[in-house]
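Student: Residue numbers for the sequence shown follow this note's numbering, beginning at 37 and rising by one.
Rather than coming from a laboratory, the hints here were simulated on the basis of the structure. Treat the hints loosely; a few may be bogus.
Computed Cβ-Cβ distance ranges for the label pairs, DEER-style [to be verified]: (1) Glu51 to Ile92: 17 to 23 angstroms; (2) Ser58 to Leu156: 31 to 37 angstroms; (3) Asp163 to Gly278: 25 to 31 angstroms; (4) Thr134 to Ser200: 54 to 60 angstroms; (5) Glu325 to Leu272: 48 to 54 angstroms; (6) Ala61 to Glu328: 46 to 52 angstroms; (7) Tyr259 to Gly209: 35 to 41 angstroms; (8) Leu59 to Ser321: 41 to 47 angstroms; (9) Tyr154 to Arg121: 21 to 27 angstroms; (10) Ile113 to Gly278: 39 to 45 angstroms.
Bear in mind that the values here come from a model prediction, so they are computed numbers and not experimental data. Yeah, the Cβ is synthetic: ideal placement off N, Cα and C, and Gly gets one too.
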Amino acid sequence: MNGFYPEGKLYGESENKRCMSSLAALADAQVREMVLEAPVIMCDTEHNLIVDLGCIKGIIPRNEGAIGIENGSTRDIALISRVGRTVCFVVTAFRTDTNGKTQAILSRRKAQELCRDYMLSSLNCGDIIDAKITHLESFGAFCDVGCGNIALLPIDAISVSRISHPKDRFQVGDNIKAIIKSVGADGKITLTHKELLGTWEENAEKFSAGQTVTGVVRSVEDYGIFVEITPNLAGLAEPRSGVKIGQQASVYIKSILRDKMKIKLIIIDSFDSDYSPEIKYFMPSERIEEWEYSPKNCYKQITTKFCG
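With the sequences and hints as input, model every part of the structure.
Tutor: Next comes the structure, spelled out in structure tokens:
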């Protein structure tokens, strides 16, 4: 994404290290308005962020800490919570402190604006980007899509297999791939993820009738129990007492009905566990125009069409 990544990505890169190896290199990065990344070691009493640049210390003034801090739409907790973490920034100036040491003045807000402007002008719906999970709510996952800019990944866009909460699929700090689903008039970006987890056929071909495999119980109904055997594929098992949502289950695959897009299962055992099916991405290119989950000629069609 043209050098704009979720925070935490750039810090270990060789070019980032080179730019912070000397005052001359930092000055060159200032001229080129490069986005760099380094760890925050302190937030002072005025909520300025102190950043360790290696060769010198850097300061991100409070109002430069994030988009929205100056007008109050972003709370100061967004600054305090960065202590101990790496942040993106651009170098805006240099100054000498009272002890005669050179300090760099930095702006995280400017880095966020550069990233946001690039995304709004250069990316389209259907483009696949890097994202990092920052916060989980019942309705979805919030993701850093570049320099601390946040986008929402709604829960129903995480996977075809239904989950009760985003924590069933992700943890805070996970680096994932996501697709730009929409961009609002206010610049807010909404993401989707399920289209990267493969079609019904791509997932079903990994299994065969007669196998016994591991899954996670996602729904318990009067007529049966839905067990997810991979993130975009679940089957229906016959009713069984004592089975609870979220449990790990060993299931026997009774049949795979491609024309009906159904997998019939029998639960052998279920038990409490932290097991979660591994996420595997199916990415033929850097963008998706249209995605068809359902097998051809299936009576039920599940598709996603992205805008131009």
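Student: Work down the list of hints and note, for each, if the structure agrees.
Tutor: Results for each hint:
Range check, Glu51 to Ile92: about 18 angstroms between beta-carbon atoms, so the 17 to 23 angstroms window is met. For the hinted restraint 31 to 37 angstroms between Ser58 and Leu156, the CB-CB distance of approximately 34 angstroms keeps it satisfied. Between Asp163 and Gly278 the C-beta distance comes to about 46 angstroms, which lies outside the given range of 25 to 31 angstroms. At roughly 56 angstroms, the beta carbons of Thr134 and Ser200 sit within the given window of 54 to 60 angstroms.
In this structure, Glu325 and Leu272 break the distance hint of 48 to 54 angstroms, their C-beta atoms being roughly 32 angstroms apart. Against the hinted window of 46 to 52 angstroms, the Cβ-Cβ separation of Ala61 and Glu328 comes to about 49 angstroms, which satisfies the hint. Here the CB-CB span from Tyr259 to Gly209 is close to 38 angstroms, well matched to the stated 35 to 41 angstroms. Roughly 42 angstroms separates the CB atoms of Leu59 and Ser321, a value that falls within the hinted 41 to 47 angstroms.
The beta-carbon spacing between Tyr154 and Arg121, approximately 23 angstroms, falls within the hinted interval of 21 to 27 angstroms. For the pair Ile113 and Gly278, the supplied restraint of 39 to 45 angstroms holds, since their beta-carbon distance comes to about 43 angstroms.
In the structure shown, a violation is registered for the earlier hints numbered 3 and 5, in ascending order.
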